[in-house]
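A.B. asks: Under the numbering used here, the first residue of the sequence shown carries the number 1, and numbering increases by one thereafter.
Think of the hints as simulated: they come from the structure by calculation, not from any bench. Treat the hints with caution; some may be incorrect.
Ranges of calculated distance between the beta carbons of each label pair, as one might list FRET restraints [to be verified]: (1) G18 - S120: 23 to 33 Å; (2) R136 - G12: 24 to 34 Å; (3) S104 - H169: 36 to 46 Å; (4) D107 - G39: 34 to 44 Å; (5) H169 - P68: 46 to 56 Å; (6) Q100 - D158: 17 to 27 Å.
None of these values were measured; they are calculated from a predicted model. We put the CB at the ideal spot given by N, CA and C, even for glycine.
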Amino acid sequence: MTAGPVVPRASGPTLVLGAPEIVRALTRIAHEILERNKGGSDLVLLGIPTRGLPLAVRLAARLAAVEPGLDAAALVGSLDVTMYRDDLRHHPTRAIGATQLPASGIDGKIVVLVDDVLYSGRTIRAALDAISDLGRPRAVQLAALVDRGHRELPIRPDYVGKNLPTSHHERVRVLLTETDGEDAVLIEDPDGGAR
Numbered sequence: 001m002t003a004g005p006v007v008p009r010a011s012g013p014t015l016v017l018g019a020p021e022i023v024r025a026l027t028r029i030a031h032e033i034l035e036r037n038k039g040g041s042d043l044v045l046l047g048i049p050t051r052g053l054p055l056a057v058r059l060a061a062r063l064a065a066v067e068p069g070l071d072a073a074a075l076v077g078s079l080d081v082t083m084y085r086d087d088l089r090h091h092p093t094r095a096i097g098a099t100q101l102p103a104s105g106i107d108g109k110i111v112v113l114v115d116d117v118l119y120s121g122r123t124i125r126a127a128l129d130a131i132s133d134l135g136r137p138r139a140v141q142l143a144a145l146v147d148r149g150h151r152e153l154p155i156r157p158d159y160v161g162k163n164l165p166t167s168h169h170e171r172v173r174v175l176l177t178e179t180d181g182e183d184a185v186l187i188e189d190p191d192g193g194a195r
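Given only the sequences and the hints, what does the whole structure look like? Please build it.
C.D. replies: Structure below.
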């Protein structure tokens, strides 16, 4: 019996972080935020929808667990950057989300922008523009669950869950229980090759 030609099997996505690793990364980021800012009394966490917002909520819960007296709900807001993006003509069907600031506002606060994946830096540039229309924070910092490199702008995260070198054609997908029913960070290769 002769064997036919070997056909490479398309591999699925590669799991980079599972639920336990995401928990550990967020816990470490929360401790780093508190240490760098000497506590959490002047912090505001602004999550960038879609997945940055649940990450900001989780980070706020961890900050409140470490530092008694912090109200996790009062720390969190959302920052929609859709109308500040410079790529709207390339993606004209973007839905506009809500921007909701904590009751204390952002003036004089340390604002920590929270996003799931940092890639080109364009989303964060748009977030900085949006913040300048909303108030004058004392400082703005950036927390990203995944930094995949390939920056097009001089933007660097202050807090990173995982540095993940990728190629341009690979796609990093963050799944969160709040939006996707599970916690995972995956790398997908649209060409079907394994990573």
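A.B. asks: For every hint, state whether the structure bears it out.
C.D. replies: Structure-based check of each hint:
1. G18 - S120: 23 to 33 Å: Cβ of G18 to Cβ of S120: about 26 Å, so the range 23 to 33 Å holds.
2. R136 - G12: 24 to 34 Å: 47 Å, violated
3. S104 - H169: 36 to 46 Å: Given about 43 Å between the Cβ atoms, the range holds.
4. D107 - G39: 34 to 44 Å: About 19 Å separates the Cβ atoms of D107 and G39, which means 34 to 44 Å is violated.
5. H169 - P68: 46 to 56 Å: 47 Å, holds
6. Q100 - D158: 17 to 27 Å: 23 Å, holds
Comparing the model with each numbered hint stated earlier shows that hints 2, 4 do not hold.
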